[in-house]
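J.: Each chain, letter by letter, is given below.
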Amino acid sequence: MASAVHLRSAVALAGRFPALSGVDLTVAPGEVVAVLGPNGAGKTSLLRACAGLLPVTSGEALVLGCDLRSDRTAVRRRVGLLGHDASLYEELTAAENVRFAVRAAGMPVARVDPALERLGLVGRLRRTPAGRLSAGQRRRAALAVLVARAPELWLLDEPHAGLDASARTLLDGLVREVAGAGAAVLLSSHEPALALPLADRVVSMAGGRVAGDERKPVLAAVEGQPDVA
Amino acid sequence: MWRDALLVAGKDLRIELRSRVALWQVVPFAVLVLVLFAFALGPGRSTLRTAAPGLYWLAVLFSTVLATQRSFAIESGEGTRDGLRLAGIDPAGVFLGKAAAVAVQLVVIQVVLGAGIVVLFDVRFGAIWLALVASLLATLGLAAAGVLYGALSAGLRVRETLLPLLVLPIVAPVLIAGSRAWSAAISGAVASGASWLKILGPFAAVYLAVGVALYGPLQETA
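Line order of the protein sequences matches chains G and V.
Counting from 1, one number per residue, gives the positions in the first sequence under this note's numbering.
Counting from 1001, one number per residue, gives the positions in the second sequence under this note's numbering.
Wrong hints could be hidden among the right ones.
Among the chain V residues that face chain G by a calculated CB cut under 8 angstroms, a handful are [as the list claims (entries may be wrong)]: (1) Arg1085; (2) Arg1159; (3) Glu1160.
Which chain V residues stay away from chain G? Per the calculated CB distances, all over 10 angstroms, these [as the list claims (entries may be wrong)]: (4) Leu1007; (5) Gly1044; (6) Ile1074; (7) Val1108; (8) Thr1161; (9) Leu1166.
I should point out that these hints are in silico values taken from the structure, not numbers from a laboratory.
Every residue, glycine too, gets a C-beta built ideally from N, C-alpha and C.
Chain G extracted, bound-state conformation (with noise of 0.2 angstroms):
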């Protein structure tokens, strides 16, 4: 089967300056990745560079069979990021959001009550502008336009931050679910204990390259620390 990432020595820039220096990666169909590391370690280039967001300028770099350095406009329509900022206009409610998105994609607005329903955006929430959200119904508000869009690559930056404890479980669920359907899904963390549990294999980066990649059975004492930093 084709990887769903495949990286070799790939170098990205953010602006003029090297963001990803030399990344070896591949994630397969199916498998959760999960990307720990220090500040400014590269995880979050790392993202952005595998949703053609980041111009990969030398090295292999293809996802979902397209090349990342020819072919990005192809990569980001089957690739699905969610960032640091929930990617919500502020004015438009949940389900206005999720229905932009849906249509933007060409997909069936059939798609946007389910996924609001999986996020339990409901009721009152459904309606109301996403600037008037806190931030983990914000987070949960983009989560639903994962879901309704349904990438063959989920690209999650610090997905558990700023949701509480049952959203986080939501999360969870929802990552194992999409991953068993055969959705890759590469998820950065600063807090290795939440992270862990979902993925079947760990890279840490540091300095812009991957310093380590192992399956999640050997790292059983790294889940103690606060962070793998």
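Fit chain V to the given chain G structure using the hints.
T.: Structure of chain V alone, referenced to chain G:
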């Protein structure tokens, strides 16, 4: 592309209806510009009537800058900018949609300003159709140029101050041709007025074509 343009225009206009920035800030600003110029010129009716087309188009130009800034403020957060790029929308569709939304707002502003110069400056049109055609073409050109330069400055920290510096000199032909066409429309000199449409039409066509072609690369660099 057209489906995407409709989607983006609908989204931008819905946001505008909710925030009412155009209605409560841009429209009053445009009227204020008109009134302040009238104060500066003095109470002479003939002076005001002569100056009315130029004042009208100056107010429209300033409003274009504000409407364009607002159009890009909607996606000023990194998340929404990324969201639009990841949405799978054709960049040409984003350009046309944003230009259409700005154009609709400019039409509303021009209706109010038009009523303003009729009431405040006692202007009467000899050939109103000429003024309407000139306004339509100028609106398309202003919206297209505004959105194109808005995209150019969108990712910069100094975008609020840079945009007027980029846009106002570029749209000077619209100010000149629009003012002359309106002067002709007021006096009823259709032949001389129609010749200014030959500037407004190509201006709109060129900026629409350049925007469709270049919006994608501009969106990437923003």
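J.: For each hint, tell me whether it holds in the structure or not.
T.: So, going through the hints one by one against the coordinates:
Taking 8 angstroms as the C-beta cut-off, the interface hint given for V:Arg1085 holds, the closest approach to chain G being about 6 angstroms. Of the supplied interface hints, the one on V:Arg1159 is violated, with its beta-carbon coming no nearer than about 16 angstroms to a beta-carbon of chain G, more than 8 angstroms. For V:Glu1160, the interface hint is violated, since its Cβ never comes within 8 angstroms of a Cβ in chain G; the closest pair sits about 19 angstroms apart. A cut-off of 10 angstroms between C-beta atoms contradicts the statement that V:Leu1007 is not in contact with chain G; the least separation is 6 angstroms.
Residue-level check passed: V:Gly1044 sits 45 angstroms from the nearest beta carbon of chain G, beyond 10 angstroms. Against chain G, the non-interface label of V:Ile1074 is violated: not every CB pair exceeds 10 angstroms, the least being about 7 angstroms. Non-interface status of V:Val1108 relative to chain G is upheld: no Cβ of that chain comes within 10 angstroms, the nearest being about 18 angstroms off. With a least CB separation of 21 angstroms from chain G, V:Thr1161 remains clear of the 10 angstroms interface cut-off, as annotated.
Distance to chain G confirms V:Leu1166 as a non-interface residue, since its nearest Cβ pair spans about 21 angstroms, more than 10 angstroms.
Of the numbered hints stated above, those contradicted by the structure are hints 2, 3, 4 and 6, listed in ascending order.
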